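Engineer: So the protein sequences, as listed, match chains F and H.
Sequential numbering of the first sequence, starting at 9, is according to the working numbering.
Sequential numbering of the second sequence, starting at 9, is according to the working numbering.
FYI, nobody ran anything at the bench for these hints, they're computed from the structure.
The list treats identical chains as one, so a pair stands whether inside a single copy or across any two.
Calculated lysine to any residue pairs in the SDA-like style (CA-CA distance at most 25 Å, straight line): (1) K79 x A45; (2) K79 x E60; (3) K79 x S261; (4) K79 x H12; (5) K79 x S129; (6) K79 x A176; (7) K79 x D266; (8) K79 x S115; (9) K79 x S275; (10) K79 x E268; (11) K79 x R159; (12) K79 x G267; (13) K79 x I57; (14) K79 x D63; (15) K79 x E264.
These numbers were taken from a predicted model, which means no experiment stands behind them.
2 protein chains.
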Amino acid sequence: MTTHVRIVGVGLIGASLGICLSGNGFRVSLEDPSPTAVRLARDLRAGEIADEGTDAPDVVVVAAPPDVAAKAVIAALNRWPDAVVTDVASVKEAVLVDILDSGADSSRYVGSHPMAGRERSGTAAARGDLFDGRAWVVVPHEGSTDAAIRRVREIATAVGSAVRVMPAHDHDEAVAAVSHVPQLAASIVAACLRELPESAVGLAGQGLRDVTRIAASDPRLWTQILAGNAPAVRDVLRQVRVQVDEVVTALDSLVESDGEGSLGTLSRVLEAGNLGHARIPGKHGAAPAAYEVVSVIVPDEPGSLGRLFGDMGNAGINLEDLHLEHGLGQAVGVAELSVVPASVEPLRAELTRLGWRLHD
Amino acid sequence: MTTHVRIVGVGLIGASLGICLSGNGFRVSLEDPSPTAVRLARDLRAGEIADEGTDAPDVVVVAAPPDVAAKAVIAALNRWPDAVVTDVASVKEAVLVDILDSGADSSRYVGSHPMAGRERSGTAAARGDLFDGRAWVVVPHEGSTDAAIRRVREIATAVGSAVRVMPAHDHDEAVAAVSHVPQLAASIVAACLRELPESAVGLAGQGLRDVTRIAASDPRLWTQILAGNAPAVRDVLRQVRVQVDEVVTALDSLVESDGEGSLGTLSRVLEAGNLGHARIPGKHGAAPAAYEVVSVIVPDEPGSLGRLFGDMGNAGINLEDLHLEHGLGQAVGVAELSVVPASVEPLRAELTRLGWRLHD
Chain F
9 MTTHVRIVGV GLIGASLGIC LSGNGFRVSL EDPSPTAVRL ARDLRAGEIA
59 DEGTDAPDVV VVAAPPDVAA KAVIAALNRW PDAVVTDVAS VKEAVLVDIL
109 DSGADSSRYV GSHPMAGRER SGTAAARGDL FDGRAWVVVP HEGSTDAAIR
159 RVREIATAVG SAVRVMPAHD HDEAVAAVSH VPQLAASIVA ACLRELPESA
209 VGLAGQGLRD VTRIAASDPR LWTQILAGNA PAVRDVLRQV RVQVDEVVTA
259 LDSLVESDGE GSLGTLSRVL EAGNLGHARI PGKHGAAPAA YEVVSVIVPD
309 EPGSLGRLFG DMGNAGINLE DLHLEHGLGQ AVGVAELSVV PASVEPLRAE
359 LTRLGWRLHD
Chain H
9 MTTHVRIVGV GLIGASLGIC LSGNGFRVSL EDPSPTAVRL ARDLRAGEIA
59 DEGTDAPDVV VVAAPPDVAA KAVIAALNRW PDAVVTDVAS VKEAVLVDIL
109 DSGADSSRYV GSHPMAGRER SGTAAARGDL FDGRAWVVVP HEGSTDAAIR
159 RVREIATAVG SAVRVMPAHD HDEAVAAVSH VPQLAASIVA ACLRELPESA
209 VGLAGQGLRD VTRIAASDPR LWTQILAGNA PAVRDVLRQV RVQVDEVVTA
259 LDSLVESDGE GSLGTLSRVL EAGNLGHARI PGKHGAAPAA YEVVSVIVPD
309 EPGSLGRLFG DMGNAGINLE DLHLEHGLGQ AVGVAELSVV PASVEPLRAE
359 LTRLGWRLHD
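Let the sequences and hints guide you as you build the complete structure.
Structural biologist: Right under this line is the structure:
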């Protein structure tokens, strides 16, 4: 039996999901307040346009903006009394509370959070492989039936995501620390660049670029996300504020008095950062691997990175991570290749033999 | 005439400079409080070991830790009455003030800041191309002679750096915003991960990895840098604190009362981040280019990135920047290739023809 999925809301997430599910044997019907958006989604092969005559779906995915997600889930539960309903909002507890309070049959509701945003949004930015290899957090509540949980897992797996199961409150606390507060930190650090002289911004290096990359994200979407997760974001941001206060006080003391204890404070904050950083898992959610870095000078011309990676591939060595360091005013870059420790010596030997300039 | 450079302090920066200058026709003599370090530096071909009998240098580069830089510069100015003296501390005004106050002949002093740190430090981490393509800020003061400035520029250019000239105060304000406060932000965000449950840290995505990468930096070195630039770092960090306070207040209001005005505050902070981020120049210090991103699915096996970049190179298309997005629990990654807009269509067509899976 073909599963019939109704997608409510065809922005980036909804339309991408439609494209992917349609290509994987699901039947998809689409609805959206905007007739233009729903036609565009159909043209992108996200599914058929739903109308009065369309039959009832097996699963409903509410892909509406976070601030209307709960309302749309409640409407779906009431409209289709046999359907399993999920939503994709990045904040889960507030949505769940509204649904439980509504009196709708919440046993058929299971929340979702596919962690697959982009810096762009909207139907036109949709792509069928948006969920490939990303985490999809499945968020059941105490009353969710096993059958409903299975249905939602089936969707997540079908689009290539790795399923993680977590209660709503835990999910919200987790994303506050690993996503929402980092977004705020990037935005706030970037905001401090607004008034800088051109010559000062010109000293920006890779460190600043990395710290502020996500400061380019959509303010409208992120305002909703932060507001929707206000309690958890506030708790983590208060931890940030305590540390900022400690550092400001230490710097004040260095500037204005004898600075007693100030160096200890600075050092403690930096060491705490080392410890926290070491907890971030490597790619694919594996335990943090002790990769080692091999640095190679790469001329800034077409094909040079290609040759480099081709040479690595021929040597049978897999790249675990990569940073490109860009210099100032010179047509040359430094590629930092992360590989497993056992690959370091073979890689260095092979690249040297092939004429690459390595760092020692 | 061969220029004779004395390097005082053979840690990462001093030893790297010695290796590079020795390889570029300079005569280099080395000294360091540690006899082991200076012998290691010599063995790395950073230069000869200086002793009582070594003749006077033309240029002295003080590559001592920031907190002893001024003292070492003053000693060098007094010891060699004809030599030009520079230092490489990442903070410039405090060093300059001490030198001007010392009564030494400061007309022969010009500060330097080669922006070429690594996450590792020490003589053993030295490499001859550390300065290739990086910025080297040359920091003259009002009394510096033109001849002294020329000498220091000559060194920076010889090691492949791009010279930027800037007064000490401007330099310190610039690096507070583009380097020191971003370091603190990364450390503080990472510190908030220390107590998280394993399942929460497991949701970490590329955004968090980027924001916190430099949180792995050396706490001892960074404590000195932050303390040495306390006034400027404090000023920028106060701007950060004002914004953090505004956001905490907005979130408080959302949690505890009607949240009036809160969404406006959140949105303003995020928009300010957009504006600041847009000011960061592209690589090589050029104006920010409007690169476009082409996303490609890359199987996690040896050689796949190599084939991808090889294919790009064969098509004559240069990669301007690259992000690898790592998924969770799946052996597949997404490579986001930044190219100039004119290359987008040719690249997409060529990669599609060769069987790569692109995002639409």
